[in-house]
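Asker: Below, each chain spelled out in residue letters.
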Amino acid sequence: MKVTIKSWTGVATWRWVANDDNCGICRMAFDGCCPDCKLPGDDCPLVWGQCSHCFHIHCIMKWLNSQQVNHQCPMCRQDWKFKE
Amino acid sequence: MAQQPTSSALRALALEYKSLQEEPVEGFRVKLVNEDNLFEWEVAIFGPPDTLYQGGYFKAHMKFPPDYPYSPPSIRFLTKVWHPNVYENGDLCISILHPPVHDPQSGELPCEMWNPTQNVRTILLSVISLLNEPNTFSPANVDASVMFRRWRDSKGKDKEYENIIRKQVSAARLEAEKDGVVVPLTLEDYCIKTKVKPPEHNVDMTDFYDDDYDLDDDDDDDNEGEGAESGDGEYEDGDDSGNGES
Numbered sequence: 001m002k003v004t005i006k007s008w009t010g011v012a013t014w015r016w017v018a019n020d021d022n023c024g025i026c027r028m029a030f031d032g033c034c035p036d037c038k039l040p041g042d043d044c045p046l047v048w049g050q051c052s053h054c055f056h057i058h059c060i061m062k063w064l065n066s067q068q069v070n071h072q073c074p075m076c077r078q079d080w081k082f083k084e
Numbered sequence: 001m002a003q004q005p006t007s008s009a010l011r012a013l014a015l016e017y018k019s020l021q022e023e024p025v026e027g028f029r030v031k032l033v034n035e036d037n038l039f040e041w042e043v044a045i046f047g048p049p050d051t052l053y054q055g056g057y058f059k060a061h062m063k064f065p066p067d068y069p070y071s072p073p074s075i076r077f078l079t080k081v082w083h084p085n086v087y088e089n090g091d092l093c094i095s096i097l098h099p100p101v102h103d104p105q106s107g108e109l110p111c112e113m114w115n116p117t118q119n120v121r122t123i124l125l126s127v128i129s130l131l132n133e134p135n136t137f138s139p140a141n142v143d144a145s146v147m148f149r150r151w152r153d154s155k156g157k158d159k160e161y162e163n164i165i166r167k168q169v170s171a172a173r174l175e176a177e178k179d180g181v182v183v184p185l186t187l188e189d190y191c192i193k194t195k196v197k198p199p200e201h202n203v204d205m206t207d208f209y210d211d212d213y214d215l216d217d218d219d220d221d222d223n224e225g226e227g228a229e230s231g232d233g234e235y236e237d238g239d240d241s242g243n244g245e246s
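Quick mapping for you: the protein sequence lines, in order, are chains P and R.
For the first sequence, full-length UniProt numbering assigns the number 1 to the initial residue and increments by one for each residue that follows.
For the second sequence, full-length UniProt numbering assigns the number 1 to the initial residue and increments by one for each residue that follows.
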């Protein structure tokens with residue numbers, strides 16, 4: 001039997017591969033976006049610290065920028081360093 | 001734009017409130033002071049059994065800042081609480097509710113202070129443990145602190161502290177009756193029997209592929225096949241790398 005494909009539509013889904021479902025800061029889903037953004041995806045990315053904890057970039061930046069003293073991971077309180 | 005922080009605080013608070021209604025914290029009841037304001041909560045704390053506070057019913061207001069969870073809420077007791085870490089006016093002084101500024105005077109380490117991953121649940125648990133284990137290093141009520149230390153160091157022989165607490169507890173119990181609240185007295189009643197739901201693993205790779213197929217409704221054959229697989233094999237192929245494809 002021969003099948004002739006007349007047309008096809010490609011569909012893709014994506015998902016951040018994080019070790020948790022929700023951002024510990026804003027408590028929103030990682031697959032969604034932070035409360036200040038409208039659309040999930042590359043405009044509201046996740047970032048990882050060297051401690052392996054992960055947040056919406058906007059959430060962790062807002063927190064780090066509000067801290068005059070030491071920049072720590074809000075989860076484990078180790079010094080916050082961005083994972084390359 | 002100025003409203004932005006408030007809206008994210010609203011979302012965080014709404015989520016927390018809902019989760020606390022569904023799965024309460026042991027020893028606490030929460031409700032809103034005013035149904036349409038998520039920024040002020042009324043908390044009722046039950047004194048833990050086998051402590052001086054057993055049978056006590058302490059009401060407090062929690063106030064959340066507009067930029068919660070970036071800034072901590074504050075807690076003020078409405079019920080009279082004689083405690084080294086509670087001010088005369090009822091304000092509770094606990095390091096977890098202090099913004100992490102470097103203040104060598106306070107004797108508090110930044111790592112004990114507020115950070116945005118704290119939530120009402122962790123705060124309430126800290127409060128209940130502080131109740132029975134006051135921090136006498138930076139007391140809000142010096143008299144209570146001195147009295148508490150006398151009571152502790154005399155191993156309960158000096159009863160002044162104990163007597164005040166017991167008096168407040170029995171007064172609070174009348175208040176509970178007025179509110180129609182039954183204060184749990186035994187450990188068994190105190191501990192909430194929660195139905196432990198198995199955690200849902202949404203982030204495993206199998207789900208990823210299942211989602212893929214769910215969306216793929218152009219292709220009927222594929223849909224049926226995958227539907228059956230996700231029914232019985234979802235957890236078995238948790239860690240593989242895409243058997244669905246082969």
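Bear in mind the hints are in silico, worked out from the structure with no lab data behind them.
Every residue gets a Cβ at the ideal spot worked out from N, C-alpha and C, and that includes glycine.
A couple of the hints might just be wrong.
[What the hints assert, rightly or not] Examples of chain R residues lying across from chain P (beta carbon under 7 Å, computed): (1) ARG11; (2) THR122; (3) SER126.
[Unchecked claim] List of simulated lysine-lysine pairs, DSBU-like, C-alpha gap at most 35 Å: (4) R:LYS167 x R:LYS59; (5) R:LYS31 x R:LYS18; (6) R:LYS157 x R:LYS80; (7) R:LYS59 x R:LYS31; (8) P:LYS62 x R:LYS63; (9) P:LYS81 x R:LYS18; (10) R:LYS178 x P:LYS38; (11) R:LYS159 x P:LYS38; (12) R:LYS167 x R:LYS80; (13) R:LYS63 x R:LYS80; (14) R:LYS178 x P:LYS81; (15) R:LYS31 x P:LYS38; (16) R:LYS178 x P:LYS62; (17) R:LYS155 x R:LYS59; (18) R:LYS80 x R:LYS31; (19) P:LYS2 x P:LYS38; (20) R:LYS178 x R:LYS63; (21) R:LYS63 x R:LYS31; (22) P:LYS2 x P:LYS62; (23) R:LYS18 x P:LYS62; (24) P:LYS83 x P:LYS62; (25) R:LYS80 x R:LYS18; (26) R:LYS167 x R:LYS155; (27) R:LYS59 x P:LYS62; (28) R:LYS178 x R:LYS31; (29) R:LYS157 x R:LYS18; (30) R:LYS31 x R:LYS157; (31) R:LYS18 x P:LYS83; (32) R:LYS157 x R:LYS63; (33) R:LYS159 x R:LYS80.
Asker: CA of LYS31 of chain R to CA of LYS157 of chain R, is that 35 Å or under?
Answerer: Between LYS31 of chain R and LYS157 of chain R the Cα gap is close to 39 Å, so the pair fails against 35 Å, i.e. violated.
Asker: Would the hint on SER126 of chain R be counted as holding, given a Cβ-Cβ threshold of 7 Å to chain P?
Answerer: violated, 15 Å
Asker: For the pair supplied as a hint, LYS59 of chain R and LYS31 of chain R, confirm whether the alpha-carbon distance does not exceed 35 Å.
Answerer: holds, 11 Å
Asker: Would you check the hint for LYS159 of chain R and LYS80 of chain R, treating anything up to 35 Å between C-alpha atoms as holding?
Answerer: holds, 19 Å
Asker: Mind checking the alpha carbons of LYS157 of chain R and LYS18 of chain R for me, to see if they're no more than 35 Å apart?
Answerer: violated, 45 Å
Asker: Hey, LYS178 of chain R versus LYS38 of chain P, does the alpha-carbon distance stay inside 35 Å?
Answerer: Violated, at about 47 Å.
Asker: Does the alpha-carbon distance linking LYS167 of chain R and LYS59 of chain R stay inside the 35 Å limit?
Answerer: holds, 16 Å
Asker: Please verify whether LYS80 of chain R and LYS18 of chain R have alpha carbons no more than 35 Å apart.
Answerer: holds, 29 Å
Asker: Can the restraint linking LYS157 of chain R and LYS63 of chain R be considered satisfied, given a maximum Cα separation of 35 Å?
Answerer: violated, 38 Å
Asker: Under the criterion that the straight-line Cα-Cα distance not exceed 35 Å, is the pair LYS2 of chain P, LYS38 of chain P satisfied?
Answerer: violated, 47 Å
Asker: Taking 35 Å as the top limit, are the C-alpha atoms of LYS31 of chain R and LYS38 of chain P close enough?
Answerer: Holds, at roughly 30 Å.
Asker: LYS63 of chain R and LYS31 of chain R: Cα distance at most 35 Å?
Answerer: Answer holds: LYS63 of chain R to LYS31 of chain R is near 12 Å, not above 35 Å.
Hint violations for this structure: numbers 2, 3, 10, 11, 14, 16, 19, 22, 29, 30 and 32, all remaining hints satisfied.
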